[in-house]
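Student: Take these sequences, add in the hints, and give me the full structure.
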Amino acid sequence: MDNVHSTTAAGHGDEHSFDTKLIWKTFRVLLYITVFELILAIAYYKFETSFTNRELVKHLLNGVFIVLTLAKAFFIIAEFMHLRHELRNLIMTIAVPAMLFLWFIGAFLWDGDSYKNLRNRYDRNHLEQSQQKVEKKEHGHEAAKPGVME
Amino acid sequence: MMWYFLMSDAFTFGAFLISYGTIRFSSNGWPDPNEVFRTFPGVQGEMPIPLAFVSLMTFILIMSSVTMVLAVGAGHVNNKKKVMLYMFFTILGGIAFLGCQAWEWTHLHGEGAWWGRNPFPNADGSESSTNFTNFFFTITGFHGFHVLSGVVINIIMLIMTWKGVFERRGHYLMIEKAGLYWHFVDLVWVFVFTCFYLF
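Just so you know, the protein sequences line up as chains A and B, in that order.
Following numbering that gives the first Met the number 0, the numbering of the first sequence begins with 0 at its first residue and continues without gaps.
Following numbering that gives the first Met the number 0, the numbering of the second sequence begins with 0 at its first residue and continues without gaps.
Hints listed in this document are in silico derivations from the structure and should not be mistaken for laboratory results.
The structure displayed is predicted, hence computed values, not measured ones.
Be a bit skeptical, because a hint or two may be false.
Said to hold, decoys possible - Below, computed lysine to aspartate or glutamate pairings styled on EDC-like, alpha-carbon distance capped at 20 Å: (1) 57(A) to 47(A); (2) 81(B) to 47(A); (3) 79(B) to 18(A); (4) 81(B) to 166(B); (5) 57(A) to 31(B); (6) 132(A) to 34(B); (7) 176(B) to 85(A).
Claimed, not checked - Listing some non-contacts, in silico: residues in chain A with all C-beta distances to chain B over 10 Å: (8) 48; (9) 52; (10) 120; (11) 121; (12) 123.
Using N, Cα and C, we set each Cβ at its ideal position, and we do this for glycine too.
Tutor: Below you can see the structure in the form of structure tokens.
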């Protein structure tokens, strides 16, 4: 326990102790962002059919969601987890490896998309099957029936 | 050290969510979350607005994160009573979140969704694969398990505070470490929420 005490105490500079006001402010920011995201999602759902270029609107909306999610993540890490107030070296050992995610996400989503395109081009059967409509199932409490796939 | 554990955990969750993204990008169709998640406990039939229940869950988790920070803050000034109070609220929030998730799982299971079964058609009306439900239950299950262990850790911390362990030690650093873990669980939920419910 001794080394735990010394390392963390060194990393903390207890002078700037917890500012309750700042915590509530962070909470409000997180809440507003989440409510805003929900309003966007619901608005899109309600007016979906009135857009002429739905694909584009949906993509723009997803971009907005990504930015807002990253903003939320930043506030949680920086304020709630207190990382913004830690030593610079600690911040760097966390932030730099996290950059790997940029490659990770980019490479894999690209791969998924490429796989879809290749498959649609060379496997016509798959493309046709994936375009076949099924009759819309009623999903409510009573109409619950196991959807047999495979 | 907690930070480095959380980094490794972040990569585990990252791998899950990215594999979900890869599969979704490689599929021609995918179910519409607004159609899937539109029920609320106690409300008959469908809600006028979708995603109401998951908003409540998000709110509960963020709220419990706030009480956790307040507990850590109280620990900084060695206020045992306040630490215990805020830890109690944090645990309550965690249990409430788990309850919500249990309800949602039960409800979806009742609709015929489970690992290997997917009753929801794709957004464009075509037949869907089981990828959606497999990923949904695996990832929210893994996250829920983290919440559960967080609640257990918080209960242990509450008992230790109550017994005066930290008071004798002179500092409440353990509360801070438990707090880091708890915020991390909240952080992961932000991403799970975006990936499954908004996209």
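Student: What hints, given by number in increasing order, does this structure fail?
Tutor: 2
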